[in-house]
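Trainee: Top to bottom, those sequences are chains A and B.
For the first sequence, our numbering assigns the number 137 to the initial residue and increments by one for each residue that follows.
For the second sequence, our numbering assigns the number 234 to the initial residue and increments by one for each residue that follows.
These are computed hints drawn from the structure, not numbers from a lab.
Note that the Cβ used here is the ideal one computed from N, Cα and C, for glycine as well.
Treat the hints with care, since some could be wrong.
Straight-line Cα separation of at most 20 Å, DMTMM-like style, residue types lysine to aspartate or glutamate; simulated pairs [said to hold, decoys possible]:
1) K453(A) <-> D269(B)
2) K423(A) <-> D269(B)
3) K616(A) <-> D545(A)
4) K271(B) <-> D415(A)
5) K439(A) <-> E268(B)
Facing chain A, according to a computed beta carbon distance under 7 Å, are these residues of chain B, among others [stated by the list, open to error]:
6) L247
7) F283
8) G286
9) I291
10) G296
11) I298
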Amino acid sequence: MIYETSTLAIAVFAAFVGAVLALSFWLGSRAKSAGGYFAAHGQVGWFVNGIAFAGDYLSAASFLGICGMIAFFGYDGFLYSIGYLAGWIVALFVIAEPIKRLGKYTLADALNARFQSRGLKLVAAIATLVISLFYLIPQMVGAGALVKPLLGLPHWAGVAMVGVAVTVIVATAGMVSTTWVQFIKGTLLVIVCTVVVGLILNRGFTLPSAPIPASAVQSLAVTPEGTLVNGALRTRENQLDARLRAEYGTGFGSVAALPDGATSTGPLGPITYLETFADSTVTTWKKATDGAGVTTFTPVERKGADLLLPGANPTFKGVRDDSLVAKLDFLSLMLALFLGTASLPHILIRYYTVKDAASARKSTVVGIGAIGAFYVLTLYLGIGAMTSGALDPTDSNMSAPLLAKTFGDGLFAVISAVAFTTVLGTVSGLILAGAGAVAHDLLKDVFQLKLDDRGQVRAAKIASVALGLGAVGLGILFEKLNVTFLVGWAFNVAASANLPALVMLLFWKRTTKEGIIAAISVGLVTSLAWILGSADTLEKVFGYSAADASARALVPFSQPAIVTVPLGFLTLVVVSLLTPRVQRASERAAQV
Amino acid sequence: MSQPARANRLGLVLFTLYCIAYAAFVLIAAFGTFEDGKATGGLARETPSFLGGLSWGIVGGFGLIIGAFILALLYAAFARHDGVEA
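So that you can see chain A by itself, here it is in the shape it has in the complex (with noise of 0.2 Å):
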């Protein structure tokens, strides 16, 4: 759709993107040492850190994902919320504390605490460079998407600012300036999301002024010539939502029926919302591509209930088919999502900006809470957008923007904002854990390269202008994936190649070194070739036909945790079993 800027869009946004950067040199001044860049110090406060947790982990794929993904299919976006919040429960009760001990700056410290091997550390920085970079592309086409509605900027414009924004507050600050940019913006986007539900429940729901047909269907079509929208040229007049507006009052997603013919709710609680949205239907929209290129939008009419049930997107389709395998798609999606939190090198390495583990724990509470409060309102934002008739047919990552358009120009500007702060945030942390396992974990100790504290500093800094131009390229070739689609693939990877090295290091006497680099590279590569080889990378990044790729899928479904974890808990346990175990004279002693 072609978009509307609003001048005070722009300047609330720039105000506050350029805030957030003033601070963040600010801060940076201060931190010059090694220690300061990794892990601020080790001093920053537990609560800060929590909310840090929270701004760190509510990444777009949280916020623009999956708001999203409900506006455009229901429920199945709240599984994702659901799962992204219980892989927090790993993290406290299983990984945090420990971590906190065994570690320095990165991830790879923690895992190689015992044994001083150069061949784990490589692994484990080839690992975390992998899983960070795999997070970074959805973030940055999260940023895409943000841009073209407010600045009405092309979406690669969007990438590149955010590339250029982050590397800058890495390259300058590290950690202190990471961690307040993501206390900010975790502080306000649960604020603001707060806001915004407030005024959903008391808009309730409205009918549009007639209801749709079944024949309202709406075209586009990509053409040497130009875009064509429902055959005429696209222009500011002809866009896909105006032929709606023009003849029943609103454009993509609206309700069809509410309960007791009643053509307005007026306000409702958070119960009878969802109450009354099951008894609604909704008018969604079904999107169909053809051999010559034009894409059909439907209206499909839907029950809210059958809205409020897993399976009506094609990630969750396996849900609803009576086949095994079909199903275990789901399961190991659901079960990468659990256990892919507590692997993920960004959130681990903020358990090293904190004192101790007593802090470690407090702080990951005080995340739970945040987090868990954002992803309560997810559901009444995506449901908001799904009917709030300003949805974007072509980009589900537009919802909850859009969604606050519909609240006046203010608001949107301010979610705007608040969410570009959002990919700042995920991305700095990211870009981070990328520099750290580059500088302190390859040059310093795998390549032995002699560097003092501001020389891996400088590695660093020089690792995250790559990484930040790397993810740029990346987010403007994955523009049109949704954006927590793209993070379920980073959750699986991070589950396979970290868990089970992470856990049985923790609590298994028996694992030696051999076993967590056999570990880590068979999850690694195992659940990075089958992504590689599933029908949903062939039909999603290489564009073929559904039937296509299934039919060329290497394996049976595109979900691969459910295998790929087992499979590196499986190595782990064989290859420290055929390798023997030394144990190190500061062990013994600490095990008296």
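Based on the hints, put chain B in the right spot on chain A.
Mentor: Okay, now just chain B, sitting in the frame of chain A:
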């Protein structure tokens, strides 16, 4: 590696509880909700939840999110009582 044993044991008990709840939720979604692609029970409204008009899908989903926070609070409170600050 010295572990604050009680905090860890409490952590593992709470972890197991949560795992059971999460697994139950996911398994009911996968195996107890649909038959031949039609919603028949489980998370669907055909199985009434204790909050009348809301399905187990909604109640269970919110429950898992809010429940995680409650377990986390319990853990924080009891780990402190045990005097196992590291």
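Trainee: Could you run down the list of hints and mark each one as holding or not?
Mentor: A quick look at each hint next to the structure:
Between the alpha carbons of K453(A) and D269(B) the distance comes to roughly 12 Å, so the proposed pair stays at or under 20 Å and holds. For the hint linking K423(A) to D269(B), the alpha-carbon distance of about 24 Å lies beyond 20 Å, and the restraint is violated. Distance hint between K616(A) and D545(A) is unfulfilled; the C-alpha atoms sit about 26 Å from each other, more than 20 Å. Distance restraint check for K271(B) and D415(A): the Cα-Cα separation of roughly 17 Å lies within the 20 Å cut-off, and the hinted pair is therefore satisfied.
A threshold of 20 Å between alpha carbons decides the hint, and for K439(A) with E268(B) the separation of about 18 Å falls inside it, so the pair holds. Of the supplied interface hints, the one on L247(B) holds, with its beta-carbon coming within about 6 Å of a beta-carbon of chain A, less than 7 Å. Because the closest C-beta pair between F283(B) and chain A is about 12 Å apart, greater than 7 Å, the hint is violated. With a least beta-carbon distance of about 4 Å to chain A, the hint placing G286(B) at the interface is held under the 7 Å criterion.
Residue-level restraint check for I291(B) holds (minimum Cβ-Cβ distance to chain A is 6 Å; threshold 7 Å). Interface hint at G296(B): violated, since its Cβ lies 10 Å from the closest Cβ of chain A, which is beyond the 7 Å cut-off. A cut of 7 Å between beta carbons decides the hint on I298(B): the least distance to chain A is about 5 Å, and the hint holds.
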